[in-house]
Every structure is written in structure tokens, then in C-alpha cells.
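Residue numbers (our numbering), protein chains in the order written: chain A, 116 to 472; chain B, 44 to 354; chain C, 3 to 265.
Because the hints were derived from the structure by calculation, they are not lab data.
It is possible that some hints are incorrect.
[Stated by the list, open to error] List time: in silico DSS-like cross-link candidates among lysine-lysine, alpha-carbon distance up to 30 Å:
id, chain 1, residue 1, chain 2, residue 2
1, A, 199, C, 87
2, C, 169, A, 223
3, A, 348, A, 243
4, A, 227, C, 169
5, C, 169, A, 325
6, C, 87, A, 243
7, A, 199, B, 244
8, C, 169, A, 199
9, C, 91, B, 160
10, C, 169, B, 271
11, B, 243, C, 169
12, A, 199, C, 91
13, B, 271, A, 199
14, A, 381, A, 283
15, A, 175, C, 169
16, C, 87, A, 175
17, C, 169, A, 232
18, C, 169, A, 181
19, C, 87, A, 219
20, A, 137, C, 169
21, C, 87, A, 325
22, C, 169, A, 220
23, B, 243, C, 87
[As the list claims (entries may be wrong)] Now the in silico label distances, taken between C-beta atoms and shown as ranges:
id, chain 1, residue 1, chain 2, residue 2, range
24, B, 338, C, 168, 56 to 64 Å
25, C, 59, B, 251, 54 to 62 Å
26, B, 204, C, 20, 19 to 27 Å
27, A, 240, C, 167, 50 to 58 Å
28, C, 127, A, 217, 39 to 47 Å
29, B, 210, C, 31, 21 to 29 Å
30, B, 199, C, 31, 53 to 61 Å
31, B, 204, C, 51, 48 to 56 Å
32, B, 168, C, 46, 46 to 54 Å
33, C, 46, B, 205, 34 to 42 Å
34, C, 49, B, 210, 35 to 43 Å
35, B, 259, C, 59, 38 to 46 Å
[To be verified] Okay, the calculated bits of chain C under chain B, using three or more residues with CB under 8 Å as the criterion:
id, region
36, 59-69
37, 119-129
The C-beta atom is built at its ideal place from N, Cα and C for all residues, glycine as well.
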Amino acid sequence: MTNSIELTGISKSYGSLTALGKVDLTVKRNEILTLLGPSGCGKTTLMRIIAGFEQPTTGKVVIDGKDSTSLAPEQRPVNMVFQKYALFPHLDVFDNVAFGLRLKKTPKDVIKREVIKALELVQLETYKNRWISELSGGQAQRVALARALVNRPAVLLLDEPLAALDLKIRHHMLNEIKRIHEETSTTFVYVTHDQDEAMILSDRVVLLNKGGIEQIGGPEEMYWSPRTLFAAKFFGDTNIVGGTYGASTGEGQIQLPFGRFAHAPKVALQAGPVNVSIRPETLSLAPAHGHLAEGEFLGKVKDTSFIGNRVIYRVAVAGGTLDLKCQQLPTPGSHTLPPGADVSLKCKPESFVVLPA
Amino acid sequence: MNAVNQSKPVVVGAEASVPIKTVSIDKKALSGYLLATPPLLFLIIFFLVPSILLFVASFWTSKTFTMIPAATIANYARTLSASGFYDSLWISMQNGFWTATLSTVISAPVAYYIVYKTRSNAVLYLALVSWFSSYLVRVYAWRTILGTTGVINSTLQQFGIIDQPLEWLVFSKFSVIITLVHIMLPFTLLLLVSGLRDIKKDYLEASADLGGGGFTTLWKVIIPMAHKSIVSSFMFTFVLAASDYITPQLLGGRDAMTTGLLIANQFRSVGNWPLGAAMAYLLLAVFMLVYATLLGVLRAANLAPGKRYHD
Amino acid sequence: MIRLFTYIYMLFLYAPVALIVLFSFHSSPSLSFPFEGFSMRWYEQLLGSYDFMTALRNSAIVGGASAVLTTILGTFSALALMRMKGRFKSIFAFLNFAPIALPGLFLGIALVILFSLIGLPRSLLTVIIGHTLFTFPFFVESVRSRLEYFDLSYEEAARDLGASPLKAFWLVTLPIIGPTIAGAAILAIALSLDEFLITIFVTGSETTLPLLILSMIRRAVDPSINAASVFMLTLTIAIIAIAGLVMTMRRRRLELERAEPAE
Numbered sequence: 116m117t118n119s120i121e122l123t124g125i126s127k128s129y130g131s132l133t134a135l136g137k138v139d140l141t142v143k144r145n146e147i148l149t150l151l152g153p154s155g156c157g158k159t160t161l162m163r164i165i166a167g168f169e170q171p172t173t174g175k176v177v178i179d180g181k182d183s184t185s186l187a188p189e190q191r192p193v194n195m196v197f198q199k200y201a202l203f204p205h206l207d208v209f210d211n212v213a214f215g216l217r218l219k220k221t222p223k224d225v226i227k228r229e230v231i232k233a234l235e236l237v238q239l240e241t242y243k244n245r246w247i248s249e250l251s252g253g254q255a256q257r258v259a260l261a262r263a264l265v266n267r268p269a270v271l272l273l274d275e276p277l278a279a280l281d282l283k284i285r286h287h288m289l290n291e292i293k294r295i296h297e298e299t300s301t302t303f304v305y306v307t308h309d310q311d312e313a314m315i316l317s318d319r320v321v322l323l324n325k326g327g328i329e330q331i332g333g334p335e336e337m338y339w340s341p342r343t344l345f346a347a348k349f350f351g352d353t354n355i356v357g358g359t360y361g362a363s364t365g366e367g368q369i370q371l372p373f374g375r376f377a378h379a380p381k382v383a384l385q386a387g388p389v390n391v392s393i394r395p396e397t398l399s400l401a402p403a404h405g406h407l408a409e410g411e412f413l414g415k416v417k418d419t420s421f422i423g424n425r426v427i428y429r430v431a432v433a434g435g436t437l438d439l440k441c442q443q444l445p446t447p448g449s450h451t452l453p454p455g456a457d458v459s460l461k462c463k464p465e466s467f468v469v470l471p472a
Numbered sequence: 044m045n046a047v048n049q050s051k052p053v054v055v056g057a058e059a060s061v062p063i064k065t066v067s068i069d070k071k072a073l074s075g076y077l078l079a080t081p082p083l084l085f086l087i088i089f090f091l092v093p094s095i096l097l098f099v100a101s102f103w104t105s106k107t108f109t110m111i112p113a114a115t116i117a118n119y120a121r122t123l124s125a126s127g128f129y130d131s132l133w134i135s136m137q138n139g140f141w142t143a144t145l146s147t148v149i150s151a152p153v154a155y156y157i158v159y160k161t162r163s164n165a166v167l168y169l170a171l172v173s174w175f176s177s178y179l180v181r182v183y184a185w186r187t188i189l190g191t192t193g194v195i196n197s198t199l200q201q202f203g204i205i206d207q208p209l210e211w212l213v214f215s216k217f218s219v220i221i222t223l224v225h226i227m228l229p230f231t232l233l234l235l236v237s238g239l240r241d242i243k244k245d246y247l248e249a250s251a252d253l254g255g256g257g258f259t260t261l262w263k264v265i266i267p268m269a270h271k272s273i274v275s276s277f278m279f280t281f282v283l284a285a286s287d288y289i290t291p292q293l294l295g296g297r298d299a300m301t302t303g304l305l306i307a308n309q310f311r312s313v314g315n316w317p318l319g320a321a322m323a324y325l326l327l328a329v330f331m332l333v334y335a336t337l338l339g340v341l342r343a344a345n346l347a348p349g350k351r352y353h354d
Numbered sequence: 003m004i005r006l007f008t009y010i011y012m013l014f015l016y017a018p019v020a021l022i023v024l025f026s027f028h029s030s031p032s033l034s035f036p037f038e039g040f041s042m043r044w045y046e047q048l049l050g051s052y053d054f055m056t057a058l059r060n061s062a063i064v065g066g067a068s069a070v071l072t073t074i075l076g077t078f079s080a081l082a083l084m085r086m087k088g089r090f091k092s093i094f095a096f097l098n099f100a101p102i103a104l105p106g107l108f109l110g111i112a113l114v115i116l117f118s119l120i121g122l123p124r125s126l127l128t129v130i131i132g133h134t135l136f137t138f139p140f141f142v143e144s145v146r147s148r149l150e151y152f153d154l155s156y157e158e159a160a161r162d163l164g165a166s167p168l169k170a171f172w173l174v175t176l177p178i179i180g181p182t183i184a185g186a187a188i189l190a191i192a193l194s195l196d197e198f199l200i201t202i203f204v205t206g207s208e209t210t211l212p213l214l215i216l217s218m219i220r221r222a223v224d225p226s227i228n229a230a231s232v233f234m235l236t237l238t239i240a241i242i243a244i245a246g247l248v249m250t251m252r253r254r255r256l257e258l259e260r261a262e263p264a265e
């Protein structure tokens with residue numbers, strides 16, 4: 116059996132409010148799967164259904180090959196890292212980590228060994244006698260991981276675990292989570308609203324929107340081949356440009372306000388109006404020179420932001436009817452073009468993501 | 044695709060059982076209702092039912108400590124046509140008004156001091172302790188101080204400053220109100236403090252930053268924001284002081300006959316419970332009226348939030 | 003200025019009470035200065051009095067029993083309020099609080115009518131019911147504001163780690179909220195000890211400490227009232243000092259935990 120979790124036809128409604136539509140999802144063994152989406156998209160509800168804190172209105176939850184739909188949280192082989200850790204304030208670090216093992220009536224010496232091992236895994240073995248109130252945010256995070264992992268769950272659920280940490284620790288903790296995942300070879304299901312976290316961490320990303328799955332895929336696939344406008348806009352920065360595909364313009368041709376481009380669609384595409392997602396980094400820009408080469412078009416810089424490792428230009432094109440964001444990599448000694456400069460732009464039609472409008 | 048097809052019958056099964064699942068949908072709320080049941084039963088049996096019974100009984104008649112079910116408004120008519128009731132009400136309202144006003148006004152600066160000027164909780168804890176120190180002990184203390192043979196009179200006489208005890212010290216409005224204020228102060232203070240605690244110092248600093256002086260900040264920021272807790276501490280104090288009858292009895296002399304005492308007497312010595320019940324509900328109605336008036340006054344004085352200062 | 007005012011305020015609160023404490027040790031029955039000397043005679047007289055010891059015993063029974071009842075009912079209420087939502091929550095919360103908003107007189111006469119209609123003779127039992135009604139709202143209010151610190155995800159974490167609902171309550175919820183509950187329970191005893199506005203109506207022939215003091219004040223100027231007052235005062239203050247200690251210690255720890263210092 117290769118799947119840790121199989122969800123079929125999961126829906127959840129509160130009275131007339133629908134939190135989740137019919138969701139089918141399979142989590143493969145040992146992968147890190149991210150449930151990503153804006154607040155209210157249903158990602159937390161989905162995770163709580165897996166954990167057993169919410170009953171789905173319809174559908175079936177299979178965990179580790181066993182139908183768990185009606186099992187209570189304590190009967191499921193999953194453990195959770197809570198958003199605010201929920202470490203028990205009346206217990207010290209050791210007793211927090213030992214909590215699950217004690218409930219299973221594990222022998223004392225085994226508990227001791229396993230707890231120390233779990234604390235070593237998260238590099239907090241010297242903190243075992245600390246009270247929870249004496250831990251920093253990052254340390255509390257590690258204890259929460261140890262407390263869940265010591266039970267050797269089939270699936271570890273992480274509910275926005277980094278949301279309460281500040282930026283610097285967050286990046287460090289992401290690498291830690293990756294390391295711990297490799298060392299424990301457990302399935303991780305990770306809930307977040309931050310696409311960077313999802314990209315860095317995931318084997319596969321599940322993008323949710325309004326209670327339904329928008330797209331599932333690896334980070335690169337999600338970035339370069341979004342299948343919906345929502346997915347295109349959710350990951351990173353992009354230009355969405357309206358245009359026309361095929362028919363009058365000819366097969367394999369896209370008419371955009373600033374020119375006509377050849378494009379071989381990756382999926383079957385009907386002729387008609389389309390939205391095209393153009394990533395800023397796929398546009399290149401140079402000071403305007405006399406003639407335009409094939410695929411080049413003119414623009415005027417409206418404003419410029421120098422961010423160190425990149426420069427972002429907002430360029431008016433198509434006679435000022437449209438602004439395009441354009442990202443360049445500066446090199447030492449290169450000069451950022453000032454607002455008002457006339458530029459020629461070049462795009463890579465093969466990187467266009469064309470979506471029916 | 045295959046997996047979905049295989050499990051299709053199960054999905055249908057799950058759909059069929061929707062009504063059953065809806066019941067357990069919000070386990071958390073359900074356990075909340077279950078947990079609420081014992082206290083709810085207690086409150087219904089010993090609070091709601093008695094309050095309703097008291098109301099029902101106010102329409103009954105009575106014969107020496109026995110209530111006879113009836114449906115008459117005689118008790119209300121009798122109460123409202125007796126001048127004694129109005130006299131008692133007047134005394135009660137005066138007690139309530141002066142006690143609540145003085146307690147609130149005197150406690151407000153202290154509440155301000157506790158919330159904004161000091162970091163220690165010592166003053167608050169001391170006030171809390173004195174709130175719990177017995178009502179009767181404090182009444183007795185004031186009788187000891189103000190009585191005709193009390194500390195002030197006998198000490199003044201001993202030093203030959205006065206010949207006769209100062210009669211107005213005790214058995215007067217003055218003695219009743221000073222005692223009631225003393226009893227209510229800590230309670231008023233605690234309510235005010237908990238109200239001010241909600242107004243973070245940032246608001247005061249923002250007001251100062253925008254050019255508001257201390258007085259402007261008080262009237263334009265603190266009072267409108269704290270108006271709920273000011274009203275509630277005033278009203279609580281008012282109700283407790285106005286319905287009190289022990290202090291007036293022990294320190295009030297001619298002003299002892301408050302509505303509270305009138306009601307208590309119906310239940311203890313006179314034995315006409317329905318009449319007492321009618322009086323109690325009339326007193327409650329008067330309290331409601333006072334509350335409504337107070338809110339109206341605050342609104343008229345622009346001290347409640349919700350007023351727009353622009354067109 | 004405002005600090006000075008506060009000191010005067012506190013002086014006003016405490017001076018009359020201090021005077022009673024002072025006169026309770028006065029060797030002469032006179033309640034005036036100059037002070038003639040210290041003695042314990044009023045306390046001896048008090049402790050030798052059968053009435054006083056009976057009233058003390060009754061107060062202890064009523065205080066203990068109503069505190070236990072209040073704690074059980076109030077804990078149910080607080081746990082329910084943590085879980086409830088929406089309109090039912092506000093109605094229930096209002097109902098919990100409502101008895102405080104009414105004067106004791108009102109509660110007393112309403113209960114007396116109930117007891118007489120259902121034929122429950124007035125006794126210490128009816129006093130215990132009356133006191134529970136009086137202390138219950140205070141208990142819920144004082145526990146509720148502190149239980150807002152309690153995060154229901156503690157219970158979920160316990161369930162997630164394998165605890166049944168009952169085990170989760172026993173191993174996690176109770177230890178965390180326990181000190182708060184204990185503090186509020188002790189406050190309930192203190193409140194019951196002082197209560198007499200309801201007691202006057204719902205008691206049979208039994209007297210409690212405040213009722214005894216009230217009748218002493220009514221009867222005559224007896225200097226042992228001073229001693230009785232101080233006795234009661236000391237008892238109350240000792241009780242709430244313990245309650246305060248229990249509650250603040252708990253809160254300190256929770257506040258520390260909330261602070262979440264950076265790494």
C-alpha cells in the first residue's frame with residue numbers, strides 16, 4: 116500500500132455554509148504534501164477532518180488503509196502540530212513529549228528512551244526539564260514536533276506551524292522540518308497560506324480555493340503551468356494580459372495588445388478570447404534602439420524599484436493602454452533605467468500560460 | 044480515476060447518512076449544551092421560576108401569612124394609592140442617587156490612578172479586600188463613630204468642645220449616605236477599573252498627540268469609551284443602595300422607612316406576601332426607569348459613543 | 003495630587019474598620035478616646051458564647067456546602083461557555099450573570115415564595131440554596147475572564163495524542179484550570195460568609211454569623227460585637243488572601259507563557 120491518506124467525496128457544511136465541496140485527495144506515503152490557499156479556502160477544515168476534530172458531512176476518510184471516517188481523534192494514527200503549539204503549560208518538556216506514550220501504557224524505560232530520542236531529533240535534549248513558559252517560540256515549535264513524532268504517526272499534520280514565528284526563524288525552521296522529514300521518513304501534511312513555504316517544502320502542493328481543489332502538482336509545475344487564473348495569480352508575481360487565440364489570427368497564433376505571437380498550446384485550446392499569464396522574469400528589456408527585431412515591442416518605463424538582487428520595472432506598452440511588470444537581474448555597474456525611458460521589450464512566447472477567458 | 048470508481052458505493056452510503064451526521068456535526072457546541080444543562084436547571088428552578096412566581100403572587104391575595112391565588116391588581120392599586128409608598132420611594136431614590144453619584148465620582152480618579160498611573164496592583168487588591176470585609180462590620184463601625192455615645196461625640200465631649208452630642212451625626216441622611224458610600228466604594232471602584240482596563244493607554248496618547256489636553260481627553264475619549272462601565276457601576280451601586288434597608292434601619296432614624304424595608308416587612312412581620320411582591324416589582328420598574336433616564340441623559344450630553352460630529 | 007487622593011480614599015476605606023479592630027481590644031466597654039488599655043476580655047466572652055459558636059458552625063456548614071455546589075455548577079457553566087457560540091451563548095451568559103443584577107432582597111423574597119409553594123421547610127438547606135444562587139454568578143464571572151486564557155486546542159492536542167474526552171479533561175483541562183477554580187471556590191466561601199440579605203428570608207430558626215451580629219447590633223451596644231466583627235473580618239480576609247494568592251500565582255505563569263519571547 117502506497118497511500119497514507121485517501122479522501123473520497125469529502126464535503127463539509129455548517130448549516131447553509133459550505134466549507135468544503137466534494138474533495139478527493141490522496142496523500143502518498145512519505146511525501147510532504149502542502150494544503151495551500153487563502154484564509155477561508157477550507158484547508159484547515161480539511162486537515163481537521165483528517166485529524167478527526169471535524170466530521171465530514173459526506174465522504175470517506177481512509178488513513179493507512181483503514182476506514183477512519185467515524186474514528187475519534189484519539190483512535191487515529193495521525194498526530195498534529197498545532198498552530199500555537201498547544202503545549203501543556205502544566206507539564207515540562209519531557210512530560211509533554213511523553214504524554215502520548217504514557218496514554219498507550221508504554222513501559223517507563225521505553226518512554227524515557229523514546230522521549231530522549233525525539234528530543235535529540237529536534238535538538239532539544241538539554242531542555243527536557245524546562246517548563247513550557249521558559250521556551251522561545253522556535254523551541255516550543257520543536258517540542259511540539261517532538262511531542263507528535265514520538266508517537267510514530269502514520270501521518271504528521273502541521274497546521275500553519277510557522278505562522279507565529281518571525282521571518283528569520285521561519286526560514287531556519289523550514290529547513291529543520293525538511294531535515295526531520297528526511298530522518299523520520301513519515302508522511303507530512305502541511306497547512307499554510309504562504310506560497311513560499313509551500314514551494315520550499317513540498318513534494319506536492321494542493322492549492323485550495325473556496326472549498327475546492329484548484330490544482331495539485333509539484334512546486335515547479337504549479338509555478339510554470341498553472342491551470343487556472345487563480346493558480347496563476349497565487350504563485351509569485353505575474354502579468355495577466357487579455358488576448359485572442361486562433362481563428363482569425365490563425366492556428367497557433369495569439370493576438371495580444373502589443374503584438375502577435377506564435378504559441379503552441381500544451382493543452383487543447385478553443386479558439387477565442389484568452390487570458391495570458393506572463394511572468395515578469397520572462398520579459399527582457401533594453402533601451403530602445405532604432406529597429407525592432409522579431410518578437411520585440413516598444414514601451415515606456417513608468418516606475419522602477421531596485422530591490423538589490425532584482426530590478427522591477429513597470430512599463431507602459433501598447434500605446435499606454437497596458438502596464439507590464441518586468442523583472443531584470445542587475446549586474447554590478449549596470450544602470451537602472453529611469454522612469455520615462457523608452458525601452459524595447461522581448462518576451463518568450465513559449466513560457467506563456469494561456470487560459471481560456 | 045479507478046480509486047474513485049471503486050469507492051463510489053461508499054460515497055453514496057455516506058450521503059445517505061447525512062441526517063445522522065448532521066447531529067454530530069458540531070461536537071464542540073453539543074458538548075457545550077450538555078455541560079450547560081446542570082447550571083441551567085439550577086438557574087431555572089431557583090432563579091427564573093421564583094422570579095416568575097413572585098410576579099404571579101403579586102396578583103394574589105393574602106390572609107395572615109397565607110397566600111390565596113387570585114387575579115387581582117388590588118396589591119398594585121393599594122401600593123400606588125398609599126402615600127407611605129411614595130415617601131419610602133423618595134427616601135430610597137435619594138439614598139441610591141447620592142450613594143451612586145458620590146461613589147462613582149470619588150472612585151473615578153482612583154480608578155484612573157490604578158489603571159494609568161501605577162504599575163502595582165496593591166491599591167486594587169486593598170480595595171478588593173475591603174469589598175469583602177463584611178457589610179455589617181462597616182455599618183457597625185459607622186455607628187460606633189457617629190453614635191450619640193460614639194467616638195466623635197464622646198471624644199468631643201470629653202475635651203469639652205461640645206456639651207450635647209451632635210444629633211445630626213447619626214440617625215440622619217448624612218449618616219446613612221456616608222455609610223452606604225463607604226460600603227459601595229470598593230464595588231464601584233472595581234467596576235470602573237475593569238472598564239478603564241479596556242481603554243489602552245495608546246488612546247490617551249493618541250488624543251494627546253492630536254492636541255487634546257487632559258480635560259478634552261477625559262470628555263472626548265475616556266468617558267465616551269468607558270461610558271458602559273460608568274453606567275453599569277453607577278446603576279449597580281444605585282440599585283444596591285436604593286434597595287438597602289439595613290443601613291437606614293441602623294443609622295437612619297426617621298429616614299429608615301425605605302421601600303426595601305417596606306417590602307421586607309411584608310414578608311417578615313406583616314405577613315402580606317402578595318403585597319410585598321407587588322411592591323418589589325414596582326421597585327424594579329422604577330429601577331428600569333432610572334436606567335433608561337440615565338442612558339437618555341448621557342446620550343443627550345453627547346457622552347455616549349455613536350454621535351457623529353460631521354454632517 | 004491624584005496619588006494623594008488615592009491615599010485618602012484608602013484611608014477612608016480602612017479607618018472605620020481599623021477603629022473596630024482597635025476597640026475590640028479595649029479593656030473598657032466605652033467606645034471613646036482616650037484609650038484605656040488592652041485586653042482580650044471581649045474575645046473570651048465571645049468564644050464562650052453558645053450562640054456565637056452555633057452561628058459560626060452554621061456559617062461554616064453553609065459556606066462549605068454552597069461553595070462546593072457553586073464550584074460544581076460554576077465549573078460546568080464555565081466549560082460550557084468556552085464551547086458555546088452565538089445567541090445561545092449570550093443568553094446563557096446573561097442568565098448566569100443575572101442574579102447579581104438583582105438586589106438580595108428580591109432574590110430572598112422570590113425564593114421564600116418558591117420554598118413555601120413547594121413545601122420545602124426553611125432550614126440550613128434553603129440557606130445553602132440561597133447562598134449558591136448568590137455566589138454562583140460571582141464564581142462564573144471570576145472564572146470566565148481567566149479561562150479566556152484557556153485555549154481549547156489544549157484539549158484537542160490531548161485527544162490527538164490518544165486521550166479520550168474524559169482523560170483529556172482529567173489530564174489537561176483540570177490541571178490547567180484547577181487553580182483558577184480553586185481560587186474562585188474560596189471566594190465563594192468568603193461571599194457566603196458575609197451574606198445575610200437573602201439569608202434573613204430563607205433561614206428557619208438557624209442563625210449564621212452575620213445574622214448573629216445583626217441581632218447583636220439591634221439589641222444593644224455590646225462591646226463583644228467589636229470582637230465578633232473582627233473575628234469575621236479576619237476570617238474573610240484570610241480566606242480571600244488565600245484565594246488571591248492561588249489565582250495570581252496561576253496567572254503569572256500563564257502570562258509568562260503568553261509572552262512568547264524571541265529565540
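Comparing the hints with the structure gives:
This hinted pair checks out: residue 199 (chain A) and residue 87 (chain C) have alpha carbons roughly 21 Å apart, not beyond 30 Å. Annotation: proposed proximity of residue 169 (chain C) to residue 223 (chain A) holds, straight-line Cα distance about 20 Å (limit 30 Å). For the proposed pair residue 348 (chain A) and residue 243 (chain A), the alpha carbon gap of about 45 Å is over 30 Å, so the pair is violated. This hinted pair checks out: residue 227 (chain A) and residue 169 (chain C) have alpha carbons roughly 22 Å apart, not beyond 30 Å.
Under the criterion of a C-alpha separation no larger than 30 Å, the hint pairing residue 169 (chain C) with residue 325 (chain A) is inconsistent with the structure, at around 36 Å. As the CA atoms of residue 87 (chain C) and residue 243 (chain A) are separated by approximately 38 Å, the hinted pair breaks the 30 Å bound. For a cut-off of 30 Å, the pair hint linking residue 199 (chain A) to residue 244 (chain B) stands: about 28 Å separates their Cα positions. The straight-line distance between the Cα atoms of residue 169 (chain C) and residue 199 (chain A) is roughly 22 Å, inside the 30 Å bound, and the hint therefore holds.
Of the supplied pair hints, the one linking residue 91 (chain C) and residue 160 (chain B) is violated, its CA atoms being roughly 36 Å apart against a limit of 30 Å. Annotation: proposed proximity of residue 169 (chain C) to residue 271 (chain B) is violated, straight-line Cα distance about 42 Å (limit 30 Å). A threshold of 30 Å between alpha carbons decides the hint, and for residue 243 (chain B) with residue 169 (chain C) the separation of about 40 Å lies outside it, so the pair is violated. Among the hinted pairs, residue 199 (chain A) with residue 91 (chain C) is consistent with the structure: their alpha-carbon atoms are about 25 Å apart, no more than 30 Å.
For the given pair, residue 271 (chain B) sits about 33 Å from residue 199 (chain A) by alpha-carbon distance, which is inconsistent with the 30 Å threshold. With a C-alpha separation of about 39 Å, the suggested pair residue 381 (chain A) and residue 283 (chain A) falls outside the 30 Å cut-off, and the hint is violated. Between residue 175 (chain A) and residue 169 (chain C) the alpha-carbon distance is near 27 Å, which keeps this suggested pair within the 30 Å criterion. Restraint check for residue 87 (chain C) and residue 175 (chain A): the C-alpha separation of about 28 Å stays at or below 30 Å, so the hint holds.
Of the supplied pair hints, the one linking residue 169 (chain C) and residue 232 (chain A) holds, its CA atoms being roughly 26 Å apart against a limit of 30 Å. Simply put, residue 169 (chain C) and residue 181 (chain A) have alpha-carbon atoms about 25 Å apart, close enough for the 30 Å limit, and the pair holds. For the suggested pair residue 87 (chain C) and residue 219 (chain A), the alpha carbons sit about 34 Å apart, so the restraint of at most 30 Å is broken. Simply put, residue 137 (chain A) and residue 169 (chain C) have alpha-carbon atoms about 34 Å apart, too far for the 30 Å limit, and the pair is violated.
At roughly 24 Å between alpha-carbon atoms, residue 87 (chain C) and residue 325 (chain A) fall within 30 Å of each other, so this suggested pair holds. Between residue 169 (chain C) and residue 220 (chain A) the CA atoms are separated by roughly 13 Å; this keeps the pair inside 30 Å, and the hint holds. Restraint check for residue 243 (chain B) and residue 87 (chain C): the C-alpha separation of about 27 Å stays at or below 30 Å, so the hint holds. A hinted range of 56 to 64 Å for the beta carbons of residue 338 (chain B) and residue 168 (chain C) is inconsistent with their spacing of about 47 Å.
For the pair residue 59 (chain C) and residue 251 (chain B), the supplied restraint of 54 to 62 Å holds, since their beta-carbon distance comes to about 58 Å. Look at residue 204 (chain B) against residue 20 (chain C): about 23 Å separates their beta carbons, and that is inside 19 to 27 Å. Distance hint check: the CB atoms of residue 240 (chain A) and residue 167 (chain C) are about 33 Å apart, inconsistent with the given range 50 to 58 Å. Restraint check, residue 127 (chain C) to residue 217 (chain A): a C-beta distance of roughly 43 Å satisfies the suggested window 39 to 47 Å.
Remark: the range hint 21 to 29 Å for residue 210 (chain B) to residue 31 (chain C) is upheld by a beta-carbon distance near 23 Å. At about 19 Å, the CB distance of residue 199 (chain B) to residue 31 (chain C) disagrees with the hint of 53 to 61 Å. Separation of residue 204 (chain B) from residue 51 (chain C) is about 38 Å and departs from the stated range, judged on CB atoms against 48 to 56 Å. For the pair residue 168 (chain B) and residue 46 (chain C), the beta carbons lie near 33 Å from each other, so the given range of 46 to 54 Å is not met.
For the pair residue 46 (chain C) and residue 205 (chain B), the beta carbons lie near 35 Å from each other, so the given range of 34 to 42 Å is met. Distance hint check for residue 49 (chain C) and residue 210 (chain B): the Cβ-Cβ separation is about 37 Å, which falls inside the suggested range of 35 to 43 Å. Separation of residue 259 (chain B) from residue 59 (chain C) is about 59 Å and departs from the stated range, judged on CB atoms against 38 to 46 Å. Counting residues of the region 59-69 of chain C whose CB falls under 8 Å from any CB of chain B gives 0; the rule of at least 3 is not met.
With a cut-off of 8 Å between beta carbons, the region 119-129 of chain C has 1 residues touching chain B; three or more are needed, and the interface restraint is violated.
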